[in-house]
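2 protein chains.
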Amino acid sequence: MDGRNKDNRGLILILSSPSGAGKTTLSRLLLQRHTQLSLSISATTRPQRPGEVDGKDYHFVTKDAFATMIHNQALMEYATVFGNQYGTPRAPVEAVLAAGGDMLFDIDWQGAQQIKLSARKDMVSVFILPPSMEELGRRLIARQTDDLDVIQKRMDGARQEISHWAEYDYVIVNQDIHQSLDQISAIMTAEKLRRSRQANLPDFIRGLLEG
Amino acid sequence: MDGRNKDNRGLILILSSPSGAGKTTLSRLLLQRHTQLSLSISATTRPQRPGEVDGKDYHFVTKDAFATMIHNQALMEYATVFGNQYGTPRAPVEAVLAAGGDMLFDIDWQGAQQIKLSARKDMVSVFILPPSMEELGRRLIARQTDDLDVIQKRMDGARQEISHWAEYDYVIVNQDIHQSLDQISAIMTAEKLRRSRQANLPDFIRGLLEG
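Protein chains in written order, with the numbering used here: chain A, 1 to 211; chain B, 1001 to 1211.
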């Protein structure tokens, strides 16, 4: 089984959620638990914030550089959010998948929709919901990084993001971070066991029947 | 989440495999681990063997009684194997699913195919493969319950069963029983998180957006 799986391409795991639903913490814990999982780093024209590291949090690029990436089809998806452009560089994703690793995409519904429309069979999408809007508001306030009208804007953005829940394969209500982590891990395990994803099963079966 | 799931119907989990691939042990361990999971007991016209309990291993019925069940549409599926009839009584399955429990079906490809053709959305099918035919033969011999030409017949039956692997949603190579158990558990967890299976999500989302 291990031998065959090494030859299988990896999965694209898309996590989307409104801000404050716990996606960033979940992503961090998932990357710790699953060593074969890498995080896709988005490119953005948004200004670098204090504490952010170029190449780790984002690839910070100019608007001209971003336009060039679009022109060269070097982005798998891109979108404009609050006036800033965000996109997913294609090359690192293809390299990880070809080596049998999995790629975690922390992107919004616009990005997920573009990747879905490209009809990629290696994509699995999970939408993370907050248990309630009150809880979402509390989490946004607890961060203390945003002032109140930014929080209001994010609550409106959250409602818009949530309205796209029906475009995802799986939906998780994040009440307990460890339960949600187990649930996403189960989704990854299950998706790799799908008959249609196990590229080398026909050869294994042939060997079995001839053996 | 718990509250909403209680209102969801359960899953039909179909496990098929050639004899000797470990399905019976896996089923027993699954039932121990998942208390919400019940085993569907097949009806059969096959004679009761020493040690078998009526109503636990099978419902042992006459050919006439079996024919009546077919006539009354009281069976979800039925098939003839080695000259004996086997079928799945419908009523207990519907009762368990309606109460939010899950039902485990230990049936062959013929039964799985009939349930699949009925287009049940609550069905998830898993095919269990042996790591090799040599290992399958060793397991059949180790049982010491069958003589050699029965074993030969079962090996031929195994090849025929295996030839239907492509009709299943998931395929597991049973190299390690505990790993296989974890994999089937992950499949159950993941399938319940599918957006399309969470019947009450639209109401939850409405509440979220209006809240």
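No wet-lab data here; the hints were simulated from the structure. Computed from a predicted structure; not experimentally measured. Check the hints yourself; a few may be wrong.
To be verified - Listed below are the simulated DMTMM-like cross-link pairs for lysine to aspartate or glutamate, each with C-alpha atoms no more than 20 Å apart in a straight line: (1) Lys23(A) - Glu161(A); (2) Lys192(A) - Asp1176(B); (3) Lys116(A) - Glu161(A); (4) Lys1153(B) - Glu94(A); (5) Lys1192(B) - Glu210(A); (6) Lys192(A) - Glu1052(B); (7) Lys192(A) - Asp1169(B); (8) Lys1192(B) - Asp182(A); (9) Lys121(A) - Glu94(A); (10) Lys1023(B) - Asp1182(B); (11) Lys192(A) - Asp182(A); (12) Lys121(A) - Asp106(A); (13) Lys121(A) - Glu1210(B); (14) Lys192(A) - Asp1057(B).
Hint consistency between Lys1192(B) and Glu210(A) [alpha-carbon to alpha-carbon, up to 20 Å]:
violated (37 Å)
Between Lys192(A) and Asp182(A), is the straight-line Cα distance small enough, at 20 Å or below?
holds (16 Å)
Are the Cα atoms of Lys121(A) and Glu1210(B) separated by 20 Å or less?
violated (35 Å)
Take a quick look at whether Lys192(A) and Asp1169(B) sit within 20 Å of each other, Cα to Cα.
holds (11 Å)
Regarding the pair Lys121(A) and Asp106(A), is the alpha-carbon distance no greater than 20 Å?
holds (18 Å)
Below or equal to 20 Å on CA atoms is what counts here, so check Lys192(A) against Glu1052(B).
violated (37 Å)
Taking 20 Å as the top limit, are the C-alpha atoms of Lys1192(B) and Asp182(A) close enough?
holds (13 Å)
Take a quick look at whether Lys23(A) and Glu161(A) sit within 20 Å of each other, Cα to Cα.
holds (13 Å)
For a C-alpha distance cap of 20 Å, please report whether Lys116(A) and Glu161(A) respect it.
holds (16 Å)
For Lys192(A) and Asp1176(B), compute the direct alpha-carbon distance and say whether it is at most 20 Å.
Holds, at about 17 Å.
Pair hint Lys121(A) and Glu94(A), alpha-carbon separation not exceeding 20 Å:
Holds, at about 13 Å.
Is Lys1023(B) close enough to Asp1182(B), meaning Cα to Cα at most 20 Å?
Satisfied, since the Cα-Cα distance of roughly 14 Å is no more than 20 Å.
Of the numbered hints stated above, those contradicted by the structure are hints 4, 5, 6, 13 and 14, listed in ascending order.
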